[in-house]
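Q: Build the full structure now, drawing on both the sequences and the hints.
Be aware that the sequence shown starts at 193, since it is given in this note's numbering, and climbs by one per residue.
The set of hints was computed from the structure by calculation and includes no laboratory data. Where a beta carbon is used, it is the ideal one built from N, C-alpha and C, also for glycine.
Per label pair, the in silico range of CB-to-CB distance:
no., residue 1, residue 2, range
1, T238, L290, 21 to 27 angstroms
2, D295, E251, 41 to 47 angstroms
3, P284, N257, 32 to 38 angstroms
4, R286, N257, 38 to 44 angstroms
5, Y234, D295, 23 to 29 angstroms
6, D244, G287, 31 to 37 angstroms
7, D255, G287, 39 to 45 angstroms
8, G223, H281, 21 to 27 angstroms
9, F228, R256, 18 to 24 angstroms
10, R298, L246, 38 to 44 angstroms
11, D295, A240, 30 to 36 angstroms
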Amino acid sequence: MNRLRLYLHRLFRRPAITDPMRIYTRRIPDGLMLDFEDYFTYVIETIADDEDMLALFLEIVDDRNNARVHDGWEPERLYVEQLAGMVGHEIPFRGKALAALADRLRAGVPTGSVSIPAQREAGAA
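A: Structure representation (structure tokens):
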């Protein structure tokens, strides 16, 4: 049933934000799910289209495949940081897009889940 609901959501969804990349939201009982599919598509295509990034990604894959057991040493972390720096890991929100996202996030907050401490309500610090 949940899978059917997710498929229907994907068919009839409206993005919360369309600029610079589409971000969709889906309400769940206790909040919102954010769908960054456009951003992840951008990341995958960027890596696939750039030989240096693809080589770095394949280094990460090789390092992870060569590790026999997890001993806490993660040499691929440096590669991941380098790749994130090359591709970018932030999506800018400005103006109307930021206001639309804020409204959509605010609408997803379950009723009664946000409370202001008593001293703040009275205006005391």
